[in-house]
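Work out the full structure: start from the sequences and follow the hints.
In order, the protein sequences belong to chains P and C.
With our numbering, the residue at position 245 of the first sequence is 245, and numbering never jumps.
With our numbering, the residue at position 316 of the second sequence is 1316, and numbering never jumps.
Please keep in mind that the hints were generated in silico from the structure rather than gathered at the bench.
Glycine included, each C-beta is placed from N, C-alpha and C at the ideal position.
Treat the hints with caution; some may be incorrect.
Said to hold, decoys possible - Distance windows between CB atoms, simulated:
| hint | chain 1 | residue 1 | chain 2 | residue 2 | range |
| --- | --- | --- | --- | --- | --- |
| 1 | P | Lys27 | C | Asp1195 | 17 to 25 Å |
| 2 | C | Arg1272 | P | Glu252 | 44 to 52 Å |
| 3 | P | Lys336 | C | Lys1200 | 35 to 43 Å |
| 4 | P | Asp243 | C | Glu1345 | 55 to 63 Å |
| 5 | P | Lys200 | C | Ser1087 | 29 to 37 Å |
| 6 | C | Asp1195 | P | Leu395 | 33 to 41 Å |
| 7 | P | Glu252 | C | Arg1122 | 50 to 58 Å |
| 8 | C | Ser1343 | P | Arg396 | 55 to 63 Å |
| 9 | C | Lys1200 | P | Asp315 | 52 to 60 Å |
| 10 | C | Lys1010 | P | Glu234 | 32 to 40 Å |
Number of protein chains: 2
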Amino acid sequence: MKANIKHRGKTRIVVIGGGLGGLRLMKALKGCGMQVVLVDRNNYHQFPPLIYQVASAGLEPSSISFPFRKMLQGREEVFFRMGEVKSIDANEKVLQTSFGKLYYDYLVIAAGATTNFFGNERMARNVLPMKTVLDGMNLRNTILSNLERAEVETDEETLRALLTVAVVGGGPSGVEIAGALAEMKRTIVPRDYPDMDTAKMRIVLVNSDARLLKSMDEASSRRAERDLTEMGVEVMPGARVADCRDGVLYMEDGSTLATRTVIWVAGIRANRFMSTPEMTLGAGGRIVTDTCLRVKGLNDVFAIGDVSIVDGDKDYPHGHPQLAQVAMQQADCVAKTIKRRKSSEQRGGNVSDQVFRYRDLGTMATIGRKKAVAEIARLKFGGITAWLLWLVVHLRSLLGVRNKIVVLINWMWNYFNYRSSLRLIFRNEDKTV
Amino acid sequence: MKANIKHRGKTRIVVIGGGLGGLRLMKALKGCGMQVVLVDRNNYHQFPPLIYQVASAGLEPSSISFPFRKMLQGREEVFFRMGEVKSIDANEKVLQTSFGKLYYDYLVIAAGATTNFFGNERMARNVLPMKTVLDGMNLRNTILSNLERAEVETDEETLRALLTVAVVGGGPSGVEIAGALAEMKRTIVPRDYPDMDTAKMRIVLVNSDARLLKSMDEASSRRAERDLTEMGVEVMPGARVADCRDGVLYMEDGSTLATRTVIWVAGIRANRFMSTPEMTLGAGGRIVTDTCLRVKGLNDVFAIGDVSIVDGDKDYPHGHPQLAQVAMQQADCVAKTIKRRKSSEQRGGNVSDQVFRYRDLGTMATIGRKKAVAEIARLKFGGITAWLLWLVVHLRSLLGVRNKIVVLINWMWNYFNYRSSLRLIFRNEDKTV
Chain P
1 MKANIKHRGK TRIVVIGGGL GGLRLMKALK GCGMQVVLVD RNNYHQFPPL
51 IYQVASAGLE PSSISFPFRK MLQGREEVFF RMGEVKSIDA NEKVLQTSFG
101 KLYYDYLVIA AGATTNFFGN ERMARNVLPM KTVLDGMNLR NTILSNLERA
151 EVETDEETLR ALLTVAVVGG GPSGVEIAGA LAEMKRTIVP RDYPDMDTAK
201 MRIVLVNSDA RLLKSMDEAS SRRAERDLTE MGVEVMPGAR VADCRDGVLY
251 MEDGSTLATR TVIWVAGIRA NRFMSTPEMT LGAGGRIVTD TCLRVKGLND
301 VFAIGDVSIV DGDKDYPHGH PQLAQVAMQQ ADCVAKTIKR RKSSEQRGGN
351 VSDQVFRYRD LGTMATIGRK KAVAEIARLK FGGITAWLLW LVVHLRSLLG
401 VRNKIVVLIN WMWNYFNYRS SLRLIFRNED KTV
Chain C
1001 MKANIKHRGK TRIVVIGGGL GGLRLMKALK GCGMQVVLVD RNNYHQFPPL
1051 IYQVASAGLE PSSISFPFRK MLQGREEVFF RMGEVKSIDA NEKVLQTSFG
1101 KLYYDYLVIA AGATTNFFGN ERMARNVLPM KTVLDGMNLR NTILSNLERA
1151 EVETDEETLR ALLTVAVVGG GPSGVEIAGA LAEMKRTIVP RDYPDMDTAK
1201 MRIVLVNSDA RLLKSMDEAS SRRAERDLTE MGVEVMPGAR VADCRDGVLY
1251 MEDGSTLATR TVIWVAGIRA NRFMSTPEMT LGAGGRIVTD TCLRVKGLND
1301 VFAIGDVSIV DGDKDYPHGH PQLAQVAMQQ ADCVAKTIKR RKSSEQRGGN
1351 VSDQVFRYRD LGTMATIGRK KAVAEIARLK FGGITAWLLW LVVHLRSLLG
1401 VRNKIVVLIN WMWNYFNYRS SLRLIFRNED KTV
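Quick look at the structure:
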């Protein structure tokens, strides 16, 4: 087996990972005159900011996913290969992949990050991550199945555990899913389960930090906590999880919480990657690059986004935050460098690679209907303005016109009558689906 | 554990199965003044006629599924319980279910049918059914994964097996999925896989009968065969499958076909059901009822739809066809009987149960864009008229306004530019989703 791509004498760029960074890079390399190969383990791009809405049964998985092949249709000398990269040989400039050898002239690693269980294997087995569309589907199935079980449960203790959802992690993902579940409790559960005592349903947001959204301003943190509390979420600040087993969440301070659904959004680590001997890994397993995003010691290998960390930017001595914006701006930077090197090659001149400078465009987190927080430049605001801005920004960023339309229909539907009809348990016990 | 439904002194009707028959019954029983409990193993209704479009990546699974609880919102004394029925005790009038005991006054079995592998266990393991939405998702994943594998395959023999899809069964489902795959081959594959030699992709329709659509008129059969052949489907009439293993389909005449995708739509059998000693099972495991749809020997137990067969209708000496229309009309018939019995109970008079008379409203099958066959009363027609009629009828039958809108958008999208963006492989290797 081999990659089945003829070299045709052109310079070949291989991009590992079609997340927000990899995707932006594919776009930025349009018309570059080189051969570009995208490798991803899935055949689709997924849009992380809306995964929590898949988990809360507000959106279809297909609305926030887009097939790479469809995206790349009609582009010359651009190839997609589904598979995993097993190792990199930087001397020979070749990748070992699940579909055979793949040579490169330039390599860009944009492999992203995955859920961090901080080495706790049992935790990894007993809690539910929310990092991928498949995680979102799995969460939707679990939340709905537990409601169905609660409906026929007569043991009071088990009933309460089935109706308690713990969200571990007070970052944007934790705030967003806690808010969405609080709305589900208020609007959907009473209609779908008229005999259920909704008061017994609890959403507990477990946060190891003293405040929510610690990457944002304190005013935003306070606002988020106030909004969530008003919506019925129990926010537990400064609570560190020690263990999770047999339907009980154990805190470091000795307290416990009986729950059948633990959503784990407590941290991420760079995707495990067969590193070459030359690569240095930093905090969270991130590949260390220089300020031109070159993997340390390798001139033709770049790394962008959540998988890597820049060493040497004096404005960000501990590296840049792991945000979509950083990944996308880094993609533009690397595209510039590669194009510049190519044209200087043709002209025969010398070239200097593009130094990455991060431009902070602001951050946002949604909390619930008409409730969000946003920080753009020095502006910090919340409420309906932030919420509408959040809707527009995310709708614009979504890939595909059909997806935009379907998501908009779903949002309007849910907004006006809370009438989502996506509470489907698509779980196949017999076969992998 | 128990069913958690208080009896409240009312007459209770239990309906097993929320397919097209069970759903129609729930509707027909609206305002009947009795307690109605629907039991289904899934939490959603699914719409069988469009499952093939999920398999061919034209529709989302959620567009042809609808949560029971949403459907039953606001109805008094109507309950839904997700679970499996394990046994029926007709003397005590109680069901044993996965969620405990459930008493009934009237029982309606509408449990439907499942794929029939005719007792061949190996066949069941090596072929792919297309009876449920989950089957549809599984097929979509398999078809797309095999295309991805073909893209990097260099062994000619394996490549051809990956690109060959065998559809076993020449009924409406077989004709519809074969047609949809032929369109995929013609319109989508060349754009998504520009380097692939599309000529190597084969869709083979294996039919044990001499003609397709044998429940329809011969003219319709000929038309379907001609249309499919023109679209590039290889129709194999009179071909009986003997076995399927190691990527090879073995025919009874000794010929073989190397293929990695065998879609099995060759027949159905009634869902296996813990029968009471009184129940008689007919052909295909169907529960035998009298002409009033009462399970033979049990006055308060009815059976409708694909799970049962009527004995004694002189117009249908071998039972009615297993069609949506039959199930739905039978639901109306049983609702009438139950309501009639109740009112006579109140008046204290005698009552005669409603005899079922099937009114044939016609049959249809779609073949491809602007291609379908329809038989309504004595009219037999095809082409664009039949196709448009098919679209309208199926859109109308779909549950939920949102679903109708989303399906219509998807259809228009696909019609005008073949631009479906649903070619997503949502297969989780690690966890059940």
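Going down the list of hints, with the structure as the test:
1. In this structure, lysine 27 of chain P and aspartate 1195 of chain C meet the distance hint of 17 to 25 Å, their C-beta atoms being roughly 22 Å apart.
2. At roughly 50 Å, the beta carbons of arginine 1272 of chain C and glutamate 252 of chain P sit within the given window of 44 to 52 Å.
3. The given range of 35 to 43 Å is respected by lysine 336 of chain P and lysine 1200 of chain C, whose C-beta atoms sit roughly 41 Å from each other.
4. At about 59 Å, the beta-carbon gap between aspartate 243 of chain P and glutamate 1345 of chain C stays in the expected band of 55 to 63 Å.
5. At about 32 Å, the beta-carbon gap between lysine 200 of chain P and serine 1087 of chain C stays in the expected band of 29 to 37 Å.
6. The hinted range of 33 to 41 Å is satisfied by aspartate 1195 of chain C and leucine 395 of chain P, whose Cβ atoms lie roughly 34 Å apart.
7. In this structure, glutamate 252 of chain P and arginine 1122 of chain C meet the distance hint of 50 to 58 Å, their C-beta atoms being roughly 53 Å apart.
8. Checked against the hint of 55 to 63 Å, the C-beta distance between serine 1343 of chain C and arginine 396 of chain P comes to roughly 60 Å, which is consistent with it.
9. A beta carbon spacing of about 55 Å between lysine 1200 of chain C and aspartate 315 of chain P agrees with the range 52 to 60 Å that was offered as a hint.
10. Take lysine 1010 of chain C and glutamate 234 of chain P: their Cβ atoms lie about 39 Å apart, and the range 32 to 40 Å holds.
No hint from the list above goes unmet by this structure.
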